[in-house]
Amino acid sequence: MIEYANENKGYKYLLTVIDIFSKYAWAIPTKSKTGPEVTSAMKVVLKDSRIPKKLHVDRAKMWKTFSIQGTYKWIDIIDELVADYNNTKHRTIKMKPRDVTLKNEKYLLRHIYGKFEANGTKNVKFKVGDH
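All residue numbers for the sequence shown refer to our numbering, where the first residue is 20 and numbers rise by one.
Everything labelled a hint here was simulated from the structure, so no lab data went into it. Just so you know, not all the hints are guaranteed correct.
[Claimed, not checked] List of simulated lysine-lysine pairs, DSBU-like, C-alpha gap at most 35 Å:
1) K31 x K108
2) K146 x K62
3) K28 x K115
Construct the entire structure; sequences and hints are all you get.
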């Protein structure tokens, strides 16, 4: 995305966060990957009432290409893309991520994710170097 920074107001990167429980997504453009810039972007996520409880990071694997109608300009449509994602019913949770709330998360845990415990599946643990 670096090569398209001129088309995107100088933004070179996109910090994406997806809550693995509710599938709710955030996407915050950044101009660099410095600590202060990423911290500032994460503050946007953490100020939201839907704070993710667990994070899984991608070890800086960035999107390879992004093209809508023959352009690489994403800065003006990213909010709309994320809103569409969060307002679309997901097959795994059988609801829209936007509809997951503190009131229904226990139901979701028991009825959707409970099947994993029933099969003897424990918490997924990632190790350094896992891809």
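So which hints don't hold here, by number, going up? none
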